[in-house]
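Trainee: Here's the letter readout for the chains.
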Amino acid sequence: MKRFAFFWFILLGVPLAHSQTNLAPGITILLDDKAAMELTAGLSLYQIPAGITGKVVSAGSAAASILVNRWASEFAAIFPGVKFDLRGGGSQAGMQDLLEGKADLVTFTRPLPEEYVARFKARFGYEPAQIMVAQDAIGVYVNKTNPVAGLTLAQLDAIYSRTPKRGGGQPEFWGDLGVTGPLAAQRIDRISLTRVHGTYLYFRDFVMQGGDYRLNVIFEIVPSSLVQAVGSDDAGIGLSSVMFATARTRFVPLQGSDGVYRLPTYEETVSGRYPLTRPILIVFNRKPDGTMNPAAREFLRFAVTRRGQRIIALGTNYPLTVEQQKEALRVLEGPP
Amino acid sequence: MHLTRATLLVLRWIPFTMVALAVMVSDGCGSTGRNNAKQEEARQARERAEAAETFQAPLTGESRRVSIQELDQLTYGYADRYFMVISSAVDDIKRGNPDPVQRRRAHQLKLTGVMAMNDIVTSGDPYSRTLDLVVSVTLESILLIDENQAEQVFGDRATGLIRAIRTMRVEAWELAARVLTQEQLESLDFMILEWRRTHPEIEEVSFVKFDNFAGLRAAALLSDFKAGGGLLAPVSEATQVLKDWGRLSERVFWYSKRAPSIAGIEAEASVNEILAAPEIGKLIHTADQLGQSAESVPKIIDAERNAVFADLDARQTLLTNALGDVRRIIAGADDLGRTASQLTTNLQQTLAVLSDTLKVGGEVGHRFGLDRTPQRRFDIQDYANVLARLNEAITNAHQLALGADQMTRSPVWAQMMQDVSAATDRRLDRALRNICLALAFAFVLAVAYRVISLKLGRKMSSREREKP
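For the protein sequence lines, the chains are A and B, in the order given. With my numbering, letter number 212 in the first sequence gets 212, and the count goes up by one each step, no holes. If you want my numbering, it's the 1-based position in the second sequence plus 1000.
So that you can see chain A by itself, here it is in the shape it has in the complex:
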């Protein structure tokens, strides 16, 4: 056994030790300007067509609507004849607007639920179209002073769920999660976004496997407030898009399917090795003959080309890869 001690140390000790010492604020793992430019350099350019006018109504997820707003500011400068009505309100309400013809685009921060597809099909007779416009990861935020080395999905489930289904125990204090020092005796302050947010639903369905949130979870109205709550509370933990990282919070490495603990960096997100990755989707109504609101189509084309992707990449979001862009353009321009 002693012969393999060194081997065990390398296998287990080094990754954990690395994680424990990695107490840099979460903001440091996000893309800087140079990386944003490099990652988008291979994407195809936007060709400006003539005579685009009309109105685009967008609704849906709060986090995704931030991206839509950034694109809309630039797009409106190119096409003054296009008017925008940009709303948030959650993807559930947005989908209802799409069904009622009140919205052209609905943003999602999770895969489109089958139930919504079925409802749309029942209403129109064909499936809704969807494209990926960006990539995102749900970061597990803790205070920058929190030394927690890493968490498994089972532990996350046990932290948040009233009815844990992954066998992660019943952690109440930080010491239950392997934390030592003064924080070990402190109770875990669980923070989540309200139920109108995609993160709430994604986490409930994917991590908690349909379980219920604990009764002592503190709910925040907007993502920026959630991250701030964690930043001002040594014992806080919260879940939100990585795009809201601040100087007072850090991300907890999560154990992937291969057993390795990973941070939600661009590389780990794109490769899907980080376990809580999710696409940012825009769902829209395109008839079987390919017709749709031309202003909305042009807006989507703008969003996925290099110009649109650079706008969001410079704003700390993760842009599409070349393959993902090709797929989005194919859906937009090709046959249904």
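Keep in mind the hints are simulated off the structure, nothing from the lab. Hints are not guaranteed to be accurate.
Stated by the list, open to error - Distance windows between CB atoms, simulated: (1) A:D33 - B:I1202: 14 to 24 Å; (2) A:A154 - B:Y1255: 25 to 35 Å; (3) A:E114 - B:D1091: 37 to 47 Å; (4) A:P80 - B:I1202: 21 to 31 Å; (5) B:I1202 - A:E38: 21 to 31 Å; (6) A:R123 - B:Q1152: 49 to 59 Å; (7) A:E172 - B:M1115: 54 to 64 Å; (8) B:P1200 - A:K102: 47 to 57 Å; (9) A:A50 - B:V1101: 52 to 62 Å; (10) B:M1115 - A:E114: 51 to 61 Å.
Stated by the list, open to error - In the BS3-like style, the derived pairs of lysine-lysine whose C-alpha atoms are separated by at most 27 Å in a straight line are: (11) A:K287 - A:K121; (12) A:K121 - A:K102; (13) A:K34 - A:K326; (14) A:K144 - B:K1094; (15) B:K1209 - A:K83; (16) A:K102 - A:K83.
As the list claims (entries may be wrong) - Partial list, computed: chain A residues near chain B (C-beta under 10 Å): (17) I66; (18) R87; (19) V196; (20) D205; (21) P223; (22) S232.
We put the CB at the ideal spot given by N, CA and C, even for glycine.
We have chain A; now place chain B onto it with these hints.
Mentor: Relative to chain A, chain B alone:
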């Protein structure tokens, strides 16, 4: 009113029946206590879950609408709490804080925050006021918490301030959630974040207003809010005009009550500003130095005393040495004197020779009528010899002076001085020890004297008593 016998019977039995039922029920509960406790627990959990769900309802726009008057009261209450919470946090930072920069920055924070809040709360438009309040407090919280400025400026003392700012942000958003829909709240959050992203250089964010947010979305949000798109109850224009007068007087009254406190904070900030001026800083530094000097006076006196003693000893040594020097100088001077004396003698001899010569010459000249022929010819060599001796004497004196100067600069001299200093200390210690011994001896003598005098006194008195 007459009651029948049957009625009376029933009435008489009612209390007994009720007691019996109560006993039965309670007994039943006791027998199935464990099951009922579980049921009760489950029921409570269900109720709490429902309450938690209901709690989220206002955030999704399902609450009742708030009137403008209610909104006024909410904002007044918020401003008062802001004053209280932020003031407490700032005062905690200032209390016992030795860093004047931290104290000044903390007070500045309180002043700008409270001023901005009063400015917002006393504005006439309730719609803009609500949005301005959320914008101001949220930006302040982003700067101090998310961008970590509070910790950078106040270090460990920032904890209370961070908690306070966070509390006020949460309350501001709770207030906003009373009058804005979830969608509007998200829009507002997005606009605040975008504004900060594009204006990272601005430090004074308390006075940033919703109007500063350019763009269609800001205008759309405000117009939607004013048109009753939020949770604020719409009122007719005529009713609004009438109510505005009442609200104006309320605002004036509210502000007049808080004006003295604000004036106090402003006055303190002015004092801080004055104290922070470079000239005043220099003055304070000088005063500080003066204070330090005053504090170190006893040490200085002690050091001076030692220095005086050392100096005295050094002088004494110097005097001793100087005396030697003087002796050597005198010896040199004696040589010089002897030289001068010789010179004088030579001069006298020369003059005598000259006189004799002149006399002899005069007589011869007079005898032979050759008065113009001298007896001995004038020789300049005599004068040259005298000058050479004089020069030798002066050179000797100069060398003596040089020798003394070199001696004072030499390491031997320094060592000598140190030895003298050490000797002085030893002498002082010895002197003190001697004084102590003398005092002790005197004390012993006094005690002995006292004892002897007592004994003698007793003997004397006993003898006196023995006398017949």
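Trainee: Is the Cα-Cα distance between K1209 of chain B and K83 of chain A 27 Å or less?
Mentor: 26 Å, holds
Trainee: Could you tell me whether the CB distance from A154 of chain A to Y1255 of chain B stays inside 25 to 35 Å?
Mentor: 57 Å Cβ-Cβ, so the 25 to 35 Å window is violated.
Trainee: Is K144 of chain A close enough to K1094 of chain B, meaning Cα to Cα at most 27 Å?
Mentor: 26 Å, holds
Trainee: Would you check whether S232 of chain A satisfies its interface hint, that is, whether its CB is within less than 10 Å of any CB in chain B?
Mentor: Holds. Min distance 4 Å.
Trainee: Within 27 Å, alpha carbon to alpha carbon, are K102 of chain A and K83 of chain A?
Mentor: At roughly 15 Å apart (the allowed maximum being 27 Å), K83 of chain A and K102 of chain A satisfy the hint.
Trainee: Going by Cβ atoms only, is I66 of chain A closer than 10 Å to chain B?
Mentor: 5 Å, holds
Trainee: Range hint 21 to 31 Å: satisfied by the CB atoms of P80 of chain A and I1202 of chain B?
Mentor: 29 Å, holds
Trainee: Check the following: the C-beta atoms of E172 of chain A and M1115 of chain B are separated by a distance inside 54 to 64 Å.
Mentor: Between E172 of chain A and M1115 of chain B, where Cβ atoms are some 44 Å apart, the hint is violated.
Trainee: For the pair we were handed, K121 of chain A and K102 of chain A, check the Cα-Cα distance against 27 Å.
Mentor: 17 Å, holds
Trainee: Would the hint on V196 of chain A stand, with a C-beta cut-off of 10 Å toward chain B?
Mentor: Holds, because the Cβ-Cβ distance from V196 of chain A to chain B comes to roughly 6 Å (cut-off 10 Å).
Trainee: Against the range 21 to 31 Å, how does the distance between the Cβ atoms of I1202 of chain B and E38 of chain A compare: consistent or not?
Mentor: Holds, at about 30 Å.
Trainee: Is the distance from the Cβ of R123 of chain A to the Cβ of Q1152 of chain B consistent with 49 to 59 Å?
Mentor: 55 Å, holds
In summary, the numbered hints that this structure violates are 2, 3, 7, 8, 20.
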